[in-house]
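Based on the sequences and whatever the hints tell you, model everything.
Residue strings, one per chain:
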Amino acid sequence: GAGVSQSPSNKVTEKGKDVELRCDPISGHTALYWYRQRLGQGLEFLIYFQGNSAPDKSGLPSDRFSAERTGESVSTLTIQRTQQEDSAVYLCASSPTGEQFFGPGTRLTVL
Amino acid sequence: GQQLNQSPQSMFIQEGEDVSMNCTSSSIFNTWLWYKQDPGEGPVLLIALYKAGELTSNGRLTAQFGTTRKDSFLNISASIPSDVGIYFCAGIPGAGSWGKLQFGAGTQVVVTP
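Chains as they are written, first to last, in the working numbering: chain A, 1 to 111; chain B, 1001 to 1113.
A portion of the hints provided could be inaccurate.
As the list claims (entries may be wrong) - Taking lysine-lysine pairs in the DSS-like style, the calculated list, with each CA pair at most 30 Å apart, reads:
no.	chain 1	residue 1	chain 2	residue 2
1	A	Lys-11	A	Lys-57
2	B	Lys-1070	A	Lys-57
3	B	Lys-1070	A	Lys-11
4	B	Lys-1051	B	Lys-1100
5	A	Lys-17	A	Lys-57
6	B	Lys-1100	B	Lys-1070
7	A	Lys-57	B	Lys-1051
8	B	Lys-1051	B	Lys-1070
9	A	Lys-57	A	Lys-15
10	B	Lys-1051	A	Lys-15
It should be emphasised that the hints constitute simulated quantities derived from the structure, not laboratory data.
Here you go:
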């Protein structure tokens, strides 16, 4: 497909477990973003990758959160030792220069 | 945390009515954006505003960038059932790049026939 894809679409995990969320951006988009959306709220910026520059990690809520990106392609968001407050939809977006195109998100539920 | 105050939180309207929602901030934004999010989907950009006072239309949608640079509004005219969804304002503060969008909490729009 031509859009941003994310996997899995849903993830249920137990408190304390680690999870990995994947984002496949639109081919050729140099910028990639991760956001968190809690129920009934807007999107909260987490991290931003732009080309080969060092990522902007200023939105990561704790050191349990990390993300990597392979070149200008796939990105993985990892949450270690998950907590119940991590339950949310995690959205990825990619961009060529300006407008961000969003994926459908991964709904994470921590029991 | 979020710096954008979006209102109303929800709206229940009849088909054919107009819809208005707005977003305010305590700080200046150089770009205002309006997105729509359908259930199970990511937000889709509706309108982007780049200059104070700018008024931009996209079909039945009209948005304005407030002259103080601290607010924006979105109007939907003659609503139809497919307008149902959550509408978010977003902004880029100061001289920031597109990288760090700040979002409002959203306005849930429900359209009844």
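Checked hints:
no.: 1; hint: Lys-11/A x Lys-57/A; result: 23 Å, holds
no.: 2; hint: Lys-1070/B x Lys-57/A; result: 26 Å, holds
no.: 3; hint: Lys-1070/B x Lys-11/A; result: 38 Å, violated
no.: 4; hint: Lys-1051/B x Lys-1100/B; result: 18 Å, holds
no.: 5; hint: Lys-17/A x Lys-57/A; result: 22 Å, holds
no.: 6; hint: Lys-1100/B x Lys-1070/B; result: 17 Å, holds
no.: 7; hint: Lys-57/A x Lys-1051/B; result: 29 Å, holds
no.: 8; hint: Lys-1051/B x Lys-1070/B; result: 12 Å, holds
no.: 9; hint: Lys-57/A x Lys-15/A; result: 24 Å, holds
no.: 10; hint: Lys-1051/B x Lys-15/A; result: 46 Å, violated
Of the numbered hints given earlier, the model fails hints 3 and 10; all others are met.
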